[in-house]
Amino acid sequence: MSKQIVTMTINGKKVEKAVEPRTLLIHFLREEMVLTGAHIGCETSHCGACTVDVDGKSIKSCTHLAVQCDGSEVLTVEGLADKGVLHAVQEAFYQEHGLQCGFCTPGMLVRAYRFLQDTPDPTEEQIRMGMAGNLCRCTGYQNIVKAVQSAAKKLKAQTKESVAA
Amino acid sequence: MIPPSFGYSAPRTLPEALQLMVQHGDAAKILAGGHSLLPMMKLRFAEPGHLIDINRIPELKGIREENGLIKIGAMTTENELIDSVLLQQKVPLLPEAARLIADPQVRNRGTIGGDIAHGDPGNDHPAISIALDATFILTGPRGQRNVAAANFFLGTYMTDMQSDEILTSIHVKPFSTNKTGSAYCKLKRKTGDFATAGAAVVLEISAGVVSLARIALTNVAPTALNAKAAAAALVGKPLTDASIKAAVDAAMAICDPAEDLRGDIEYKTAMAGEMTKRAIRLAASRCK
Ligand SMILES: Cc1cc2nc3c(=O)[nH]c(=O)nc-3n(C[C@H](O)[C@H](O)[C@H](O)COP(=O)(O)OP(=O)(O)OC[C@H]3O[C@@H](n4cnc5c(N)ncnc54)[C@H](O)[C@@H]3O)c2cc1C
Ligand code: FES
Ligand code: FES
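If you're matching them up, the sequences are chains A and B in order.
Counting in UniProt numbering, the first sequence runs from 1 upward without gaps.
Counting in UniProt numbering, the second sequence runs from 1 upward without gaps.
Excised from the complex, chain A in its bound form (with noise of 0.2 Å):
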């Protein structure tokens, strides 16, 4: 099939490329964009290694088409970190040794980010519900629940801070 032109915002950069309809946009960031944060685990849009963020929302980028992001803002693990200072989520991740073998990290990283946009303030019950989207086969999660509480933190002293500054 012919391809078509497709304009979209991707970490804050406006890119215009020409796509098959079938490309899913997990292949178009991995492959034509060689943004490969986000990683394939299945697939089939159950364990989240894919996650991204369009519109402000969190996907999982193996179901969706590059098609369908015409005009859209995009936003992968490599667009969280600003001019190599580490995202709050991302400090967390590490400090709670929120990983292991890494596979899962770009997509829980992603959507703690979203989920934390979105409820600034979790009960734990909350981020478990938030996060279940994610799998991950070496934490057990309990450090990954550490992690996300500790980013709340951090980003709600960054907010006081940018406030009285």
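Incorrect hints may have been included.
Straight-line Cα separation of at most 20 Å, SDA-like style, residue types lysine to any residue; simulated pairs [unchecked claim]:
id : chain 1 : residue 1 : chain 2 : residue 2
1  : A       : K57       : B       : D53
2  : B       : K188      : A       : A132
3  : B       : K42       : A       : T23
4  : A       : K3        : B       : K173
5  : B       : K173      : B       : P92
6  : A       : K17       : B       : Y8
7  : B       : K245      : B       : A232
Everything labelled a hint here was simulated from the structure, so no lab data went into it.
Here the structure of chain A is known, so what remains is to put chain B with the ligands in place on it, guided by the hints.
Leaving out everything else, chain B with the ligands in the frame of chain A:
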């Protein structure tokens, strides 16, 4: 895995979408949330020649109250159902059930219309719609028609919808808050699992007597089941252990589940009974 090649259009209006359906005929398929369709296309269970993406049609989205009805656009996502204050107040069964569907990311994409139109007996909205006595609005080249949820589901992946029709909205009567109670009980093995068995119950209790009951079951037959005899066993009397047992027996009697990794026929039937019992008790506790 990537799906086979297909063409793609993203119309901005409903008439444009209907026109594309006519133009592409049998090759066309509607793309809603894509969380049933794209997995099926990856597996080559579905090989549409042209996808008509209806995500950019504003009139298919949103929840509003109009002329005594709650009208839900077919493209409303599960997370939008959960967050709707109107539904929490007037049709709380919908947000309760949506919370039990899939996971946060899938709920950002999956739509109520897609869940219904797909005709999968494992999906939760078919039984929920039957219990709510919902009406489906179907729009096609010959105009609009209304179909009651109880008459819509004909078999696995088979519904009363024609291939050139679009499910545009779902209409539900708001609960009369002082006497209606509802519940959805779903047994699943983990987050994101389809039901081993599920039961949706809507009850009205007036002066201690059950005045209305609707019961529908998920994933224990080739379609969602309207458990009419089970509901009838409750109506016209106070709710007692004996009437609940009669309803549970009647619900189990119509189950015809397929054996799979979730369990064998006997187990799934028993679980449908257990979910029915729990949902009746929970719905009754919510009748004020
Ligand atoms: C990991 C995972 C877990 C899941 N768990 C559950 C669960 O527990 N319970 C549950 O109910 N579902 C579950 N689902 C399915 C999910 O809810 C789907 O989103 C839903 O079944 C289909 O809705 P959709 O909007 O994604 O439709 P699509 O996948 O886009 O479409 C499905 C079918 O319906 C047709 N269609 C869609 N919308 C319309 C319309 N408006 N008019 C006419 N035809 C239309 C399409 O052409 C297609 O044939 C799960 C899915 C995944 C990936
Ligand atoms: S790769 Fe997308 S959910 Fe597993
Ligand atoms: S850290 Fe290995 S899968 Fe999560």
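Evaluated hints:
no., hint, in the structure
1, K57/A to D53/B, "19 Å, holds"
2, K188/B to A132/A, "14 Å, holds"
3, K42/B to T23/A, "11 Å, holds"
4, K3/A to K173/B, "45 Å, violated"
5, K173/B to P92/B, "12 Å, holds"
6, K17/A to Y8/B, "16 Å, holds"
7, K245/B to A232/B, "12 Å, holds"
Hint 4 from the earlier list is the only one contradicted by this structure; the remaining hints agree with it.
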